[in-house]
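The lines below spell out each chain.
Number of protein chains: 2
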Amino acid sequence: MTVSANNWAEKIRAGDVRAISRAITAIENHQPEAEEILRQLFPETGQAYLIGITGSPGTGKSTLVDRLASHYRKQQLAVGIVAVDPSSPFSGGAILGDRIRMQGHATDNGIFIRSMATRGFLGGLARTTADVALLLDAAGKRVILVETVGVGQDEVDIVKLADCTLVVLMPGLGDEVQAIKAGIMEIGDVFVLNKADREGAERFEQQLTAMLALAPERDGWRPPVVRTVATENRGTAELAAAIDKFRAHFESAERRSEKNVERWKQRLLELLQARLMERVVGEGLGEQALAALANEVAGRRKDPYSVVSEILARAGLK
Amino acid sequence: MTVSANNWAEKIRAGDVRAISRAITAIENHQPEAEEILRQLFPETGQAYLIGITGSPGTGKSTLVDRLASHYRKQQLAVGIVAVDPSSPFSGGAILGDRIRMQGHATDNGIFIRSMATRGFLGGLARTTADVALLLDAAGKRVILVETVGVGQDEVDIVKLADCTLVVLMPGLGDEVQAIKAGIMEIGDVFVLNKADREGAERFEQQLTAMLALAPERDGWRPPVVRTVATENRGTAELAAAIDKFRAHFESAERRSEKNVERWKQRLLELLQARLMERVVGEGLGEQALAALANEVAGRRKDPYSVVSEILARAGLK
Numbered sequence: 010m011t012v013s014a015n016n017w018a019e020k021i022r023a024g025d026v027r028a029i030s031r032a033i034t035a036i037e038n039h040q041p042e043a044e045e046i047l048r049q050l051f052p053e054t055g056q057a058y059l060i061g062i063t064g065s066p067g068t069g070k071s072t073l074v075d076r077l078a079s080h081y082r083k084q085q086l087a088v089g090i091v092a093v094d095p096s097s098p099f100s101g102g103a104i105l106g107d108r109i110r111m112q113g114h115a116t117d118n119g120i121f122i123r124s125m126a127t128r129g130f131l132g133g134l135a136r137t138t139a140d141v142a143l144l145l146d147a148a149g150k151r152v153i154l155v156e157t158v159g160v161g162q163d164e165v166d167i168v169k170l171a172d173c174t175l176v177v178l179m180p181g182l183g184d185e186v187q188a189i190k191a192g193i194m195e196i197g198d199v200f201v202l203n204k205a206d207r208e209g210a211e212r213f214e215q216q217l218t219a220m221l222a223l224a225p226e227r228d229g230w231r232p233p234v235v236r237t238v239a240t241e242n243r244g245t246a247e248l249a250a251a252i253d254k255f256r257a258h259f260e261s262a263e264r265r266s267e268k269n270v271e272r273w274k275q276r277l278l279e280l281l282q283a284r285l286m287e288r289v290v291g292e293g294l295g296e297q298a299l300a301a302l303a304n305e306v307a308g309r310r311k312d313p314y315s316v317v318s319e320i321l322a323r324a325g326l327k
Numbered sequence: 010m011t012v013s014a015n016n017w018a019e020k021i022r023a024g025d026v027r028a029i030s031r032a033i034t035a036i037e038n039h040q041p042e043a044e045e046i047l048r049q050l051f052p053e054t055g056q057a058y059l060i061g062i063t064g065s066p067g068t069g070k071s072t073l074v075d076r077l078a079s080h081y082r083k084q085q086l087a088v089g090i091v092a093v094d095p096s097s098p099f100s101g102g103a104i105l106g107d108r109i110r111m112q113g114h115a116t117d118n119g120i121f122i123r124s125m126a127t128r129g130f131l132g133g134l135a136r137t138t139a140d141v142a143l144l145l146d147a148a149g150k151r152v153i154l155v156e157t158v159g160v161g162q163d164e165v166d167i168v169k170l171a172d173c174t175l176v177v178l179m180p181g182l183g184d185e186v187q188a189i190k191a192g193i194m195e196i197g198d199v200f201v202l203n204k205a206d207r208e209g210a211e212r213f214e215q216q217l218t219a220m221l222a223l224a225p226e227r228d229g230w231r232p233p234v235v236r237t238v239a240t241e242n243r244g245t246a247e248l249a250a251a252i253d254k255f256r257a258h259f260e261s262a263e264r265r266s267e268k269n270v271e272r273w274k275q276r277l278l279e280l281l282q283a284r285l286m287e288r289v290v291g292e293g294l295g296e297q298a299l300a301a302l303a304n305e306v307a308g309r310r311k312d313p314y315s316v317v318s319e320i321l322a323r324a325g326l327k
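Chains as they are written, first to last, in the numbering used here: chain D, 10 to 327; chain Z, 10 to 327.
Be aware that a few hints might be false.
Chain copies aren't distinguished; within one or between two, either way the pair holds.
[As the list claims (entries may be wrong)] With a Cα cut of at most 25 angstroms, we get these calculated DMTMM-like pairs of lysine to aspartate or glutamate:
(1) Lys83 with Asp25
(2) Lys311 with Glu247
(3) Lys274 with Glu247
(4) Lys20 with Glu53
(5) Lys311 with Glu208
Quick caveat, the hints were computed from the structure, so don't treat them as lab data. Remember, predicted model here, so these are calculated numbers, not experimental data.
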């Protein structure tokens, strides 16, 4: 550990915003310093409570996250927000717009907000998000809100990081509850019916509750439905109470440590995968050589399976 | 190549349904025979046209796929359908329900349908889908319809396989076009406004068209909006015509081969990643040893970065 990395880690521990920002950039760019910092900070992590927030575009997730953040700030808890949009590998525009709404917190040092939308050549958004959450944990944030759009595999991977997952729905977004895929129903620990002042909220809530009643209980927990109108800050306290209840339930059931092991299994796989790909492709092969091989395969001059065997052999892995 | 694999490949070439089914199962289970078969069939692939269909749950994708399949069958083209639901790692129920609607094709040998919803311990749904598409290509299918839900990263990866991507939308699903994320707008080659007999279709189409007009043209192509009512088979011929137009446009622009190289670059990375993980984790480490290490990390007795370095060293990759 270099002296400068030591200093840097020290500043992060103290919650220094610039030091945190620099470290996140280092994580996003896969700079070696990022790992050095995270390795040093790791023993102090594990104190933050991670809340994942997912739901379709337009359900009002960002406003809801904003309200929750304010709620926790009033309790003197330092808050970190990570907004991830894996569905936008091409553009970070939508997220940028969302974040403008968060400027109400701009002068509050107890809150740290970061958007992430882009993926590198070798992917790995879930891994980056996990590292950023660890960093914020080490920086003293006690609640970390990870917001993500939709429920693709990347989102499911991101949600797996969370201690508690909120699924945000709204009336009128898909008339029938049946249209809600099994996947999203099974990852939710708490369901939020946002924009609950809209027409059809009553009927939607009934259908949703009926549907949740049919699902098997997980470790004695039945996910509640909380109605909110985030734009008017209605239901925020009730939502926070539902999250607290879930947290207490799982901590008493000793399920949290079990979930932690499962989560670390997944994370170790992701880290390993990233490290292998960086070594074999990033350093060993390079993007140009890869493109040349892809050209051979596209022209059917070589088959992809033999090409992969060749690359592995070149890396000494035959 | 063994004699039996030779026979198997021969049957697949002839379009034998049982041989194809067995091969897909082998692909899904990562059996070594799958690669042997694909390696042998590879030189004959590249003749099928891959159409990706994506959109939110409830937009009527499955019915639309059904209609398109019937349309191509009337032109005597053999059709393959792959329905992928990466948002349901926990349950394949919804997909099963969808597929029941497809039973109208059950007696038609020129059509092959397969649903895929589960992921293995090491993931890789996009890679499996790509291999299945290759197999159907070798089996003589000339149009392959790959249907997927939503637009998470896995879906984007799956969509990247397609020669032409349809984005299915419907009126009333999210009132404002603005709610449609940049990501989904940028992957669509043709936009389908399904359930176009519903209220608000006119307004929605106008907004959509206005939004598309603002986006930059890609290689001289501006994605059209086609209105359909799939349940009544309205608009199917118009949709097929739009797909044909796109195909002709890109084949004349020689963009198809360029896109192919890009696609193979991605696929080589995925294959390589899967192969590395199978070797280092699947064979070298095992799930139990991984769980034990995760336990150490969760208890903060080791840090994840050092654990990954250890695993790599053990695999001879230090």
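Hints and how they fare:
1. For a Cα distance limit of 25 angstroms, the shortest separation of Lys83 from Asp25 inside one copy, 21 angstroms, qualifies, whereas the shortest one across copies, 66 angstroms, does not.
2. Proximity of Lys311 to Glu247 under the C-alpha cut-off of 25 angstroms is found in neither arrangement, the shortest distances being 60 angstroms within a copy and 38 angstroms between copies.
3. Within a single copy, Lys274 and Glu247 get their C-alpha atoms no closer than 33 angstroms, and across copies no closer than 49 angstroms, so neither meets the 25 angstroms cut-off.
4. For the identical chains of this complex, Lys20 and Glu53 are intra-copy neighbours only, at 14 angstroms inside a copy versus 60 angstroms across copies, given an alpha-carbon limit of 25 angstroms.
5. For the identical chains of this complex, Lys311 and Glu208 are neighbours neither inside a copy (59 angstroms) nor across copies (53 angstroms), given an alpha-carbon limit of 25 angstroms.
Figure legend: structure checked against the earlier numbered hints; hints not met, in rising order: 2, 3, 5.
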